[in-house]
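Peer 1: Construct the complete structure from the given sequences, taking the supplied hints into account.
Those protein sequences? They're chains A and B, same order as listed. According to our numbering, the residues represented by the first sequence are 1 to 351, in order. According to our numbering, the residues represented by the second sequence are 1 to 315, in order.
Keep in mind that the hints were calculated from the coordinates and are not lab data. Check the hints yourself; a few may be wrong.
What the hints assert, rightly or not - Okay, the calculated bits of chain B under chain A, using three or more residues with CB under 8 angstroms as the criterion: (1) 15-22; (2) 73-87; (3) 131-139; (4) 170-179; (5) 203-214.
Built from N, CA and C at the ideal position, the CB exists for glycine as well.
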Amino acid sequence: MDPARDVAVVAFAQTDHRRRTDELSEVELLMPVLHEVLDRTGLRTGDIGFTCSGSSDYLAGRAFSFTMALDGVGAWPPIAESHVETDGAWALYEAWVKLLTGEADTALVYSYGKSSPGDLRSVLTRQLDPYYVAPLWPDSVALAALQARALIDAGDTDEPELARIAARSRESARANPHAQLPGARDPGEYVVGPLRTGDCPPVGDGAAAVVLAAGDTARRLCARPAWIRGIDHRVEPHGLGVRDLTDSPSTRLAAERAGAFERPVDTAELHAPFSSQEVVLRKALKLGEAVRVNPSGGALAANPMMAAGLIRIGEAAARIHRGESDRALAHATSGPCLQQNLVAVLEGEPS
Amino acid sequence: MPEILSAPLVVEFPFTRSLGPVQSAFLTGLRERTVLGVRTTDGRTLVPPVEYDPVTADELRDLVQVDPTGTVTTWAWNPSPRRGQPLDRPFAWVLVRLDGADTALLHALDAPDPEAVRTGMRVRVRWAAERTGAITDIACFEPYEGGPGERTGAPHGGVFTDPVTSILAPARLDYTYGPGRAQTRYLEALAERRTVGERCPSCRKVYVPPRGACPTCGVATDERVEVGPAGTVTTFCIVNIKAKNLDIEVPYVYAHIALDGADLALHGRIGGIPYDQVRMGLRVEPVWSEDGRHPDHYRPTGEPDADYDTYKELI
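Peer 2: Here is the structure:
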């Protein structure tokens, strides 16, 4: 299906991602990023046609926590606004659909997560099946480790390769001033074997924001808009034991529906919080060696919950803005072992 | 800038979850040391069972018994067990395909060290001594030398005389709550019995309590402004039902109070006056308890009532 109108990412901003931000409330963390992304387009909050955000009450430990962040976008007089209780990449999907309908020409998408107030590995158990799985409290690293073992048993990877993925990601992050863990480091001890400290993402706080615009509005706001050629998101069966953990059919299908396989991409920003998940995603997305994977450092260098997926889209778009990419794939995930997956394909016009 | 405040915040929620027919049979089965799966229309057996086929979305109700023995399909070594996990000593997380099943169940395997665990190893259920109809009725798995087909007891069709129909799913998460810069300043000032708002640099409105942002302009508020202590009741309600653990006699009045100099009304209880004499425009001031960090309530100042035009924008 050809979209009814062209929609592009025209601006992107993110915080420096840090282990703790005790001095900041969520809205205080978010507001500089909102100002930065609006400044890049010259838009003011009142100019935005639609606003959509992503965050999670379980990180904050408070109900309806996203309403406090709305103070940062000037929600009075009333604005057209929505929220997703997951990564901001899905908020971007909702905003993209809104712009495709023609009901708005611009959208502000933001997401944020402070993991530091709670114990993230325990918090994430609350997204699991409440009948059969959550009562056992299997944490996020444990579930990723089951997937890593399945990959090793299948001959898809080994521990040295996982260490190389982690090292390459964090070396790339040296060029990313926002990264929490720039530069390769020791693989470390086993957290939950076969995953070591180095295979796991840092826990931290951060926020990101993106401005979308349609058609000529996008051309007016950005010298080289990152046109969204397609987005799709799919989900796996929720039973972990039903799935083949070495593969990600949902990612492959989302990529197909987003048009990712129609022409090669030069860049892929993959939301792979664990080194082993990059192995799964490369296979599902049929990425060749020529594709530059996670030049930003990816989630192994900074993984602010609810923002890390939106950041993948933002980083891919920013490379197109800068002329460093002509066709980029961005992927976001949510849930255990790549449960839910979103793929976006972005292109810049020939310069 | 005072030190940023923080405080422990515990969130506990004992969800009672009702079970559908398939989940009820499965969990009741565990209570009776029987493992049930559900048969799909194309002949696979799913364990743990679900009510709808994850591939075809067909409704599934055909319960079949599988063995309490099985094979590890993947595993992960957990050297540092965490609160709530099945064992309090190092153990392996495992996905186990029980004999007779086509899918795998997540649980813990009691093994001395990672060298004792491998994909493909044979395991069997270790039942909990006390079983209630929950996934934790399986205490864990343990290594097992035998082959498949050594089922205990007669085949079971999934019908029980006393089925479990709901589970209690307790959860506890521990946080350290930090209110951030603006609210820390507000709370620190309250401890000195002062009320401090913040002014928006754009629209010049003073917000109290401040949250660090102007919700109209979307910009940071950081110019501190002391407001009050007196203010005006802009609107109010009479509370007739006593809240649990609240040491206040009903009926009482809860009001919006525009402190002098503030552009936003805050909430507070009105005391020192019969509840049926509280009115819009009443002038009030805060009353602090001996060691309170915030006003206990507001009482009349005795001044004449404020003119409606002075507070109508703040209702």
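Peer 1: Hint by hint, say whether it matches the structure.
Peer 2: Evaluation of the provided hints:
With a cut-off of 8 angstroms between beta carbons, the segment 15-22 of chain B has 3 residues touching chain A; three or more are needed, and the interface restraint holds. Counting residues of the segment 73-87 of chain B whose CB lies closer than 8 angstroms to any CB of chain A gives 12, which reaches the minimum of 3, so the coverage claim holds. Only residues whose beta carbon comes within less than 8 angstroms of a beta carbon in chain A count, and the segment 131-139 of chain B has 3; three or more means the coverage holds. Evaluation of the coverage hint for the segment 170-179 of chain B: fulfilled, as 8 residues show C-beta separations to chain A shorter than 8 angstroms, against a requirement of three.
With 4 residues carrying a beta carbon less than 8 angstroms from a beta carbon of chain A, the segment 203-214 of chain B meets the three-residue requirement, and the given coverage holds.
When each numbered hint is compared with the structure, no violation occurs for any of them.
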